[in-house]
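Participant: In case you want the letters, here they are:
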Amino acid sequence: MIVGVDYYPEHWPEDRWERDAELMEEAGIGLVRLAEFAWSKMEPEEGSFNFDWLDRAMEVLYSRGIEVVLGTPTAAPPAWIIEEDRSILPVDENGDREGFGARRHYCPNHPRYREHTRRIVKAMGERFGGDPRLVGWQLDNEFSGRCYCDYCKEAFQDWLKEKYGSLEELNEEWGTIFWSQEYGEWEEIPLPTTRARAHNPGLHLDYYRFSSDSWVDYQDLQLEALRPTLGDERVTHNFMFAGFTGIDYSELGEELDFLSWDNYPLISGEPRTERAAAAHDLARGLGGTGFWVMEEQSGPSGWNVVSATPRPGQIKLWSYQALARGADGIVFFRWRTCRVGTEQYWHGVLDHHGEPGRRYDEVKEFAREMEEVGKEITPDRVPVEVALIKDYETGWAFEIQPNSTELDYEEEGLAHYHGFHRLNVPLDVITPGEDFSDYGALIAPNLYLVNEELRKRLERFVRGGGTLILSYRSGVKESRNNKVVNQLLPGELRQLVGAHVEEYTTLGGSPWGEGKAGEGPAIEFLPHPLGSMSGRARVWADRLKLDRARPLALYRSGPWEGEPAASINEYGAGTVIYLGSGLPRNMHRGLAYWLKERMELSGAAETPAGVEAVWRGEGDEAVLYLLNHNAEEVTLSLQEDLKELKSGERREEITLSPYGVALFRR
Amino acid sequence: MIVGVDYYPEHWPEDRWERDAELMEEAGIGLVRLAEFAWSKMEPEEGSFNFDWLDRAMEVLYSRGIEVVLGTPTAAPPAWIIEEDRSILPVDENGDREGFGARRHYCPNHPRYREHTRRIVKAMGERFGGDPRLVGWQLDNEFSGRCYCDYCKEAFQDWLKEKYGSLEELNEEWGTIFWSQEYGEWEEIPLPTTRARAHNPGLHLDYYRFSSDSWVDYQDLQLEALRPTLGDERVTHNFMFAGFTGIDYSELGEELDFLSWDNYPLISGEPRTERAAAAHDLARGLGGTGFWVMEEQSGPSGWNVVSATPRPGQIKLWSYQALARGADGIVFFRWRTCRVGTEQYWHGVLDHHGEPGRRYDEVKEFAREMEEVGKEITPDRVPVEVALIKDYETGWAFEIQPNSTELDYEEEGLAHYHGFHRLNVPLDVITPGEDFSDYGALIAPNLYLVNEELRKRLERFVRGGGTLILSYRSGVKESRNNKVVNQLLPGELRQLVGAHVEEYTTLGGSPWGEGKAGEGPAIEFLPHPLGSMSGRARVWADRLKLDRARPLALYRSGPWEGEPAASINEYGAGTVIYLGSGLPRNMHRGLAYWLKERMELSGAAETPAGVEAVWRGEGDEAVLYLLNHNAEEVTLSLQEDLKELKSGERREEITLSPYGVALFRR
Amino acid sequence: MIVGVDYYPEHWPEDRWERDAELMEEAGIGLVRLAEFAWSKMEPEEGSFNFDWLDRAMEVLYSRGIEVVLGTPTAAPPAWIIEEDRSILPVDENGDREGFGARRHYCPNHPRYREHTRRIVKAMGERFGGDPRLVGWQLDNEFSGRCYCDYCKEAFQDWLKEKYGSLEELNEEWGTIFWSQEYGEWEEIPLPTTRARAHNPGLHLDYYRFSSDSWVDYQDLQLEALRPTLGDERVTHNFMFAGFTGIDYSELGEELDFLSWDNYPLISGEPRTERAAAAHDLARGLGGTGFWVMEEQSGPSGWNVVSATPRPGQIKLWSYQALARGADGIVFFRWRTCRVGTEQYWHGVLDHHGEPGRRYDEVKEFAREMEEVGKEITPDRVPVEVALIKDYETGWAFEIQPNSTELDYEEEGLAHYHGFHRLNVPLDVITPGEDFSDYGALIAPNLYLVNEELRKRLERFVRGGGTLILSYRSGVKESRNNKVVNQLLPGELRQLVGAHVEEYTTLGGSPWGEGKAGEGPAIEFLPHPLGSMSGRARVWADRLKLDRARPLALYRSGPWEGEPAASINEYGAGTVIYLGSGLPRNMHRGLAYWLKERMELSGAAETPAGVEAVWRGEGDEAVLYLLNHNAEEVTLSLQEDLKELKSGERREEITLSPYGVALFRR
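Just so you know, the sequences run in chain order A, B and C.
Under this note's numbering, the first residue of the first sequence is numbered 347, with each subsequent residue one higher.
Under this note's numbering, the first residue of the second sequence is numbered 347, with each subsequent residue one higher.
Under this note's numbering, the first residue of the third sequence is numbered 347, with each subsequent residue one higher.
Keep in mind that the hints were calculated from the coordinates and are not lab data.
Quick caveat, the model's predicted, so the values are computed rather than measured.
It is possible that some hints are incorrect.
Put simply, identical chains are the same to the list, so a pair is met inside one copy or across any two.
BS3-like mimics (lysine-lysine), calculated; alpha carbons at most 30 Å apart, straight line [stated by the list, open to error]:
| no. | residue 1 | residue 2 |
| --- | --- | --- |
| 1 | Lys989 | Lys662 |
| 2 | Lys499 | Lys387 |
| 3 | Lys710 | Lys891 |
| 4 | Lys710 | Lys992 |
| 5 | Lys507 | Lys891 |
| 6 | Lys662 | Lys710 |
| 7 | Lys507 | Lys387 |
| 8 | Lys387 | Lys509 |
| 9 | Lys989 | Lys507 |
| 10 | Lys468 | Lys499 |
| 11 | Lys509 | Lys802 |
| 12 | Lys507 | Lys662 |
| 13 | Lys662 | Lys891 |
| 14 | Lys989 | Lys802 |
| 15 | Lys992 | Lys662 |
| 16 | Lys710 | Lys721 |
Please take these sequences and the hints and turn them into a complete structure.
Facilitator: So this is what it looks like as structure tokens:
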């Protein structure tokens, strides 16, 4: 178990380094991430490298047993690189070129910038590759953004040549006959900037794919430059889950040795326990257990305005939440709050003044606990029987065409997640390329883009006894070209579903519901198998016709009153549920409850609202995490005979302090 | 009576055309509009034309008795035209040039684009002009937009030379002495882009006039190119009423053979029965009965997000609403929902999969009914005694200077319309250039821009016995130059009104009312002639001083308590009412009721909310339409002895199903 | 006492001037401001001057005893200046160049424009300097805006060279090591446009300083050009307080002979009595009594939408409010509402038609009263013992980094102001450079930027017996470079405060409060000295640790329950209060009440809500203004034996009409 901090020795006078290392050692910090924004200090002018300061910093740290992850500094090219060629600066969706003054100010497809990248990465590798003080590398920092510059335009046109082979094929696949957009030359193909009101959906989705591919390719370039000098170090990149949806992380993660991500629960206001839990489950879904939180919030965060400070206990709570769900490393961002720069108020473990305070004490307490139980509480496996599918490409397609003003693909996934999370049934969040065979049930909300291969894999899964939950706007599009299928919906999935969509309506801003905007007719689960439970349809409504399926829910008002709103179908040895509309939260909980009963899913017992109960490990190794996200004390009775790790006592009941954590074994 | 669909054979494999034609024939479709976005297919490169596919499509359709309206494709210039000269792309109000990727991406004043236009229109005319399969032409598609490119700048400066003759005259008329904006050279005159915070009102209004004129001129160019080859076909353009206010349709319609417009009641959320009714009344006001709905909503509409789907019955209901108010043709948009392109989700009669469904059945039912009664229920005249004046130029002047944050000229017109519509008193919506002599009463809300000629025509109208209803912000400006008049308000109209405005205040965001923003002091109609009726002033308040007029309403709170809020004046044989503030809806109904009683206006009997009753035709020919826009069944008693067309029975009472329609004759 | 109007003879035919002068004379107007937008008329082409019309206008006015303030016309360069060199047009924060068509369309650092400026100002001075008809000059009009053009970039780089001497120093001070932004050449330093997401805070604040300096420098240029020809005229510039915060007015005012400002109470909707009062107190704080209101609202104001019209009495009320707080001149904007131009609806004393109405009568009444009592009611001093510090630089620093989404430096100042204003305790609003020795108490909200000199002056002030009120986010930054201090907060002020900030949290959008966004834990003043009084913390919360201070308020909920929320410290002979969070209004009133009691502050007796009571002058000269800002009549008993000026009677009770005013002497 790693407990570390993100550290920037270059921000502080060298005579302070010793004091920092001492305070770290006292706090039980065993790792630092270094150098990922220090390009101007490592290479003040082209080809003239200065790594000695970094070597000295590593030495000060290592002498106290602190190991290092080194970051490549390409997220922040220095002024001299930009001044030489300002076309390195990326162009935004409106066609405007960015200026110098923040970070991430480069186009990943720019040839000259790719030269700069190769040079600095190679030089770092040559100096530090295989260094015993090093345990890993982080490539760049939080890849993101879509560039719309002329280099990207040319690269996109080449990417299209590769994909479609001929303009005839491209015109046919995109359907450029619509509005006379047939292309006679590759050079005529525009980028989907906002300068035109709404683009061809095929072109638009392909650009988002190209843009994701560009980042994967740019990361590969760094990997290639680094590889020859690598020793035992493992390579990672720090993903961002919240709101960073532009890169297909299943592809970006492919060549990496381990996965890490940056967790700031307070950034968007209120901490959303479910959202953070789902992000950990996605990290695990992408790379298995053993991922790191490379940046864990340890103070008020933000640029020109800041979030609240974590309440006493929350820093530890969030760290335990990560461990419960599969993390093996927690690196707190950042060691000491910087006195200068854009992130002057992105607070760290220490405040600007550099002396220990309440948050330092909490981190220290966590590190001490990790020393005691860290290894014991992080067995290799998190036992999971259900997976929720998150498809990056489907997310992009909905970003381009939301269909309904109320449709938010991310939120719809979280609505499904909510039901299971509330019942403490563990889920993996996976991308559709993952192997389904480990799971008993798959939830695939709004599976908009489908191709033949995916259809076959889903059929195989269900035929073999799996349960599949699908919902409205599934099978709408041919994946390759973002074209609407030439069949009744759910298109390729109709056989599985055993029903089809006769017609549909959005509920966004519509007169279909008597309720508020986005709400629609009443729906009700049929008594069997879910008991009576009802609410209002959200977002969208399909009018279903059953081919072979039975009804699972009916419309109870509106023009389709009495007709099926959801269906259930036996297919092979398995079952397929199709939800014709967005469900209210209570019905999501009902659905999860039914699945849990029916499949006898494992997982922890139910807990009061705001308390998570998560098992990590199996058999004798299994550890139960109880995590209280409430501001109030909570007492709960344990439904099993469990031994609390801290006290060593067997307990029938436990009282968790506000934001408190307790750990148990059988 | 025409029942048609908008059809795009170029979007589908040629071997599907036969099936489409067959399904159309079965549904009773007798007309298609074709080709209005097919430029790249008709002219894949400059001067090389390919019309054979279109000829074949026409043949397939005509062989089943389906006639054609051909569209010129200039709304969507192909990529090769743009690549040759990107200055064809229009420049928006912010000074940014649009990109390729959607439609309407051209400047109507661009010389090279005008060449392209002439060539394609001429070629289409030479190939299809006089073709017996053709019944009409549509020029371009939904003209709209204001371009701010350098060609427009030069053309505007020329337009100004023409209008003002000299810079001395222009400087005087615009009052450029204000803020030292006197122009010494024509070339100095800027376009009113957003790059300056607020422009001279004279310049700004002239640019909007120039912009409207540019579209009229561009349409003329197409007409000229087409005319030499025209046979019996009639020429139209499809107007857009909802929100498309940039072109003076009374001028655009002048040279057209018949008028058509595109009706999408669900686009802005809830269908607004009154808004659609007023739009039909405007179409009739501009061109008389016999207009077409060239695009009638027949499914969920929208680009990246869609509207709700029409509820069962609404497609027919909206079609009957059009006929009741004077339409002779209904063309449903579109035949089949396109699988590709920006309008992938602008649904048609058929869904993407191309097989008949609920909406096809409804269209078919409508077409069958039309075959039976279409001719009988569409007599030539809609009897109307009252007109509501809508002045495009006044709309532009308010767009530039709304005066009050709450003033929306369109909505104020609809507020007046509401009173009459609710009482089933038919109105024509007309532009101020129309002949007033057919009407007994004129409603001219917010008649902001007035010139001597209009004043004289209004005086003649009233002197001859007409009733004129005016309201606040009337007579404020000299029409020619958008200058405020040098008189007490209502300026030129003061003699007519018999009162003047002593002072005024906006109620937008103001502290004048005790109610919510935009509301002001209480006002009350005096007992005679309207009975006691009161509410809160909206938008604006004039403090009136009566010259000869009598008070019609008083302020009942605020600093002007007890002073007149509205006046009534006898002038010649007629009457002039002046409303010093925006009225609440109940007072608009009161006003309409009073006018109806006083003038013994014809029209249908009153009906419950959401039910329209409209007579089309006179004497023996007259047909009564009852249209239920409610989601519930409505039963009403008829106040005349009428024969229902469907059953052939005489009835005292009728029950209308949800969204149901019934037709009657005396 | 001056009563004047802003007059534009160039907007009207010359044969109207006589009538205007006659109406002015009748109304008692003794002064006009002229010519400040008349450049194109005074210099129709370069170097060719025409001042004769202006001379004639002055003659018409002066012959009726009306004196003149002449404005330099540089706020509105004519088209011929711009056409010659469009790079004079300023560039906005997004990097877009402004267009011609409004006003203020120039960069103050543009060399060619500075030539134009020198020429026109010199020519006006040569023609009118020392003219007996003239009493003053106004330089330009309402300086404002920040330009981001290349001339500014170069000038900024030079300004930085001057400030920092070397790039090493600049890199160190700004901390450009953060994100690799170290500059190797001065030319690499960018402007802080929006084209980068968030800039280095040191660079950003320096640009705002540079921008303010640019205006001061540009005003100096005009002063230099004018000075050689000046006679007895006094020179001013018309400041804008509401929302115009980009220029440090304490520096802009330094070289001016007297201060004036433009007061439009209705522009932002509801008139805010406190806001206008504070603005007058700032005008007095910057320049002492004797300032003018150079533009006083006298009708509905606005460009394309207008404000409400002043209610009967308000024009006089606002004028008396100005006098009460130290003004010696009221100039109404504008004489007659212009029929043309962007400000067509910025109404004046007369409406467009030019004949006297209700507002003319009110102005006339005011002028008559001024003739009677003007001199008597405007003694030289307004007695004040408390000052509120407003620091322009701190305002800029918060503009760049608001810290909390809820922090509005202007509003926080007004929250403090509210407490004293409600109790009729007079305040000066001063900038930190002013002498503190005249005051017994200083209120310095959010004193974010501190340097050693300011610290020392505050220490001297308190040591000498003064009371100092500080609040959260004080002492956070080193003033020179916008760097966070390297100490516990409040940094340099810790000795004074006798306490430090252990940790803090924003309450903006946070989960810290049970109340609405921006609210936090309950706080309560300790019984002694303020009595029990409680509410919810707003904006921000500091957790205080007391070094030597005593607690003044405690948190009563949340994780810091029971810990100090505010402190009080004896220091030397004085007292320092530190407020760890934003207070609700009731607690601000409580604080002011306590200070008033404790310091036995003078000021008028308490009055009902909406009624101001203000003493102007001392001893025998003292005059009490009672100002009723309510729409209703108010009766109040006087707590002293006072003689009403109007009736000459001694009164125990007075009834003020709606918006009414009464004046008293002892």
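Participant: Measure nothing new, just compare the shortest in-copy and cross-copy C-alpha distances for Lys468 and Lys499 to 30 Å and report within, between, both or neither.
Facilitator: within (28 Å within a copy, 36 Å between copies)
Participant: 30 Å Cα cut-off: does Lys507 pair with Lys387 within a copy, between copies, both or neither?
Facilitator: between (41 Å within a copy, 22 Å between copies)
Participant: As a check of your reading, is Lys662 near Lys891 (CA-CA no more than 30 Å) within one copy, between copies, both or neither?
Facilitator: Only across copies: Lys662 and Lys891 sit 24 Å apart there, 51 Å inside one copy, limit 30 Å.
Participant: At most 30 Å between alpha carbons: which applies to Lys499 and Lys387, within, between, both or neither?
Facilitator: Answer is between: at 26 Å across copies they meet the 30 Å cutoff, but 33 Å inside does not.
Participant: Using 30 Å as the alpha carbon limit, work out where Lys710 and Lys992 are close: within a copy, between copies, both or neither.
Facilitator: within (17 Å within a copy, 75 Å between copies)
Participant: Please work out whether the CA atoms of Lys992 and Lys662 approach to 30 Å or closer within one copy, between two copies, in both situations, or in neither?
Facilitator: within (15 Å within a copy, 73 Å between copies)
Participant: Since the copies are identical, ignore which copy is meant and state whether Lys507 and Lys662 lie within 30 Å (CA to CA) inside a copy, between copies, both or neither.
Facilitator: neither (51 Å within a copy, 48 Å between copies)
Participant: How would you classify Lys662 and Lys710 at a CA-CA limit of 30 Å: within, between, both, or neither?
Facilitator: Intra 10 Å, inter 67 Å, cutoff 30 Å: intra-copy only.
Participant: With 30 Å as the alpha-carbon cut-off, assign the pair Lys509 and Lys802 to within, between, both or neither.
Facilitator: within (23 Å within a copy, 70 Å between copies)
Participant: Checking an output row: Lys989 and Lys802, CA cutoff 30 Å. Within, between, both or neither?
Facilitator: So Lys989 and Lys802 fail the 30 Å test inside a copy (46 Å) and across (62 Å) alike.
Participant: At most 30 Å between C-alpha atoms: does Lys710 with Lys891 qualify within a copy, between copies, both, or neither?
Facilitator: between (60 Å within a copy, 22 Å between copies)
Participant: Can you give me the call for Lys387 and Lys509, within, between, both or neither, at a CA distance of at most 30 Å?
Facilitator: between (42 Å within a copy, 24 Å between copies)
Taken one by one, the earlier hints fail for this structure at numbers 5, 9, 12, 14, listed in ascending order.
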